[in-house]
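Take the sequences, apply the hints, and build the full model.
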Amino acid sequence: MIIRLCCCMILCLPFMLRAGTTPIPIHFIFVVGSQPLQFDTLLYENERHQSYSLSMVKFYVSAIRLHAEGNSDVTSEKFFLVDASDSASTSITLNRIPIGTYRSISFTLGVDSAHNCSGLQEGALDPIRGMFWAWNTGYIFLKIEGTAPASPSPGHVVELHVGGFRQPTNNIARIELPIVEDPVRGIYIQVDVGAILGSLDLSKQFSLTTPATASVVTASYPSAVHTILGSRR
Amino acid sequence: MRLPFLLAALLTVCLFVYATPDENPYLRIDAKDVALKLPKRFGTPTYDLRSNPVSINGFLLGRALFYDPILSQDSSTSCASCHQRFAAFGHVDHTLSHGINGRIGTRNVPAIQNEIWNTSFMWDGGVTHMDLQPIAPITNPNEMDETLVRVIAKLSTSTKYKPLFRAAFRSEAVTTERVLKALSQFVALMISSDSRYDRMLDARVAFTEQEERGLVSFRRRCVTCHREPLFTDRSFRNNGIGIDTALRDVGRYAITNVASDSFKFKVPSLRNVERTYPYMHDGRFRTLQAVLNHYARGAYRGANADAALRTTTGMSGQEQKDIIAFLLTLTDSSFTYDRRFLDPNVR
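If you read the protein sequences in the order shown, they are chains A and B. With the working numbering applied, the first sequence corresponds to residues 1 to 233, in that order. With the working numbering applied, the second sequence corresponds to residues 1 to 347, in that order.
Honestly, the hints are just simulated from the structure, not real lab data. Treat the hints with care, as some may be off.
As the list claims (entries may be wrong) - Calculated cross-link-like contacts (lysine-lysine; reagent style DSSO-like; alpha-carbon spacing at most 30 Å): (1) 154(B) with 58(A); (2) 143(A) with 204(A); (3) 204(A) with 78(A); (4) 32(B) with 162(B); (5) 143(A) with 78(A); (6) 143(A) with 154(B).
Fair warning: this is a prediction, and the values are worked out from it, not measured in the lab.
Right, here's the structure in full:
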């Protein structure tokens, strides 16, 4: 892998040295453990041998930053709502990125407190998108919904709604991942939903929909979100 | 022959124009009606009026929406169902909020007045911006139980709203932002600042002896939390009434998850308090006398009952009556009978 990476770097070197900009695509790839994510049809199993199916995986990505080797970092101020069921939303393109060497990418999984507090927002943050708590004003950063026979709720529903930007339960997560191949070819970020539901006890943790109860979900991000090689998809 | 015919035609046109509701001078809204008159003593509004300046057509759209049950799931319940003009936009004589299909919520309907000076909304302060406030009752299952997606879809296909949106925002497009900003323009004008108390401050009327005694007692006993001139310090406090064992409402704690916020609720304004009964977050007291009894008794329940309650303990019967006499001076009939806020569908 390292050799491949070096080859890649060497091959790309002439392009990188040339002044100018390039678009950089970011692709989110959804899996559940070793299986691809399929809504409603597949039954998955968590570490407690509780089976579950998924019907929704959505989250906000914002403040994307590319950390450069040598020159300065590049930041995007845009908000993106990534919805695993909508392929148009799972690929984000950062335009006009200065050509250079980038060692890592970081982003906020969630919405910063300023945008939670400053009233009406448009576009990806329009409350009509359903990622908004009306009773405790603020954005739902991540929504995972499905069903599990172990869930005692009507319809055996499982709902994970992660939000909350105030202390003591601030669920805004900053994630930094290494860039493992030339970013011009695309940055592939794998989201393993299985790692998020993996350690939950779905007979008790079937409805995590307040800032305090959902922080257990935020804690699972490091094991769930990784960069992968595009060819490994 | 021709002249009488022309005259008759002219008369018919005149009558028709006169009968058109908007031409009724009492109901017509003109630029003067939507000009914000900000009372100096209230200070600078918290709400950024430059981000959403009030216009005639924005106000008219907001008013149409406020009074329209189309915002609820089964088109039965409007904002005005629970926010009544004559009750300073509270829900008179209703302990808890009501919703579609006879559903009942968990808290007493708060009044809507002087909201552009407010810093957070709802009894627990869970809503942080005036523009976002209407989303809560629209989507609450116990209230209007509707989704924003469906609200936008219904309004987009309504022939009634096309011209209203075009007039207010220069195009027919219905967006969340436009709906909420129009409602904010309507609510922004709900300013109550012409009570007997305000007129007394402006030396336009004099208080009676009892009202004067009530004001002195109020300033000694109550003003820590009910700060003049808005009669709230906008803080969250546990006023010692104890938990309602059926509702088990933890108040501010549900928002902050901070233990010391348990059973704290927002200090409500006392303006128009005569008309906003019943009282407290769960509407448990039906009369002002019952409220005063509670504060005078001094037997406060709950570990974090507010320290300021010490100042209300031990009020005499006479003092309570005087304070009530003063509270009645906060009734503002210019506000509760303001023709601008009349239901536009009832003409």
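These are the hints, each one checked on the structure:
no.: 1; hint: 154(B) with 58(A); result: holds (26 Å)
no.: 2; hint: 143(A) with 204(A); result: holds (18 Å)
no.: 3; hint: 204(A) with 78(A); result: violated (36 Å)
no.: 4; hint: 32(B) with 162(B); result: holds (25 Å)
no.: 5; hint: 143(A) with 78(A); result: holds (20 Å)
no.: 6; hint: 143(A) with 154(B); result: holds (26 Å)
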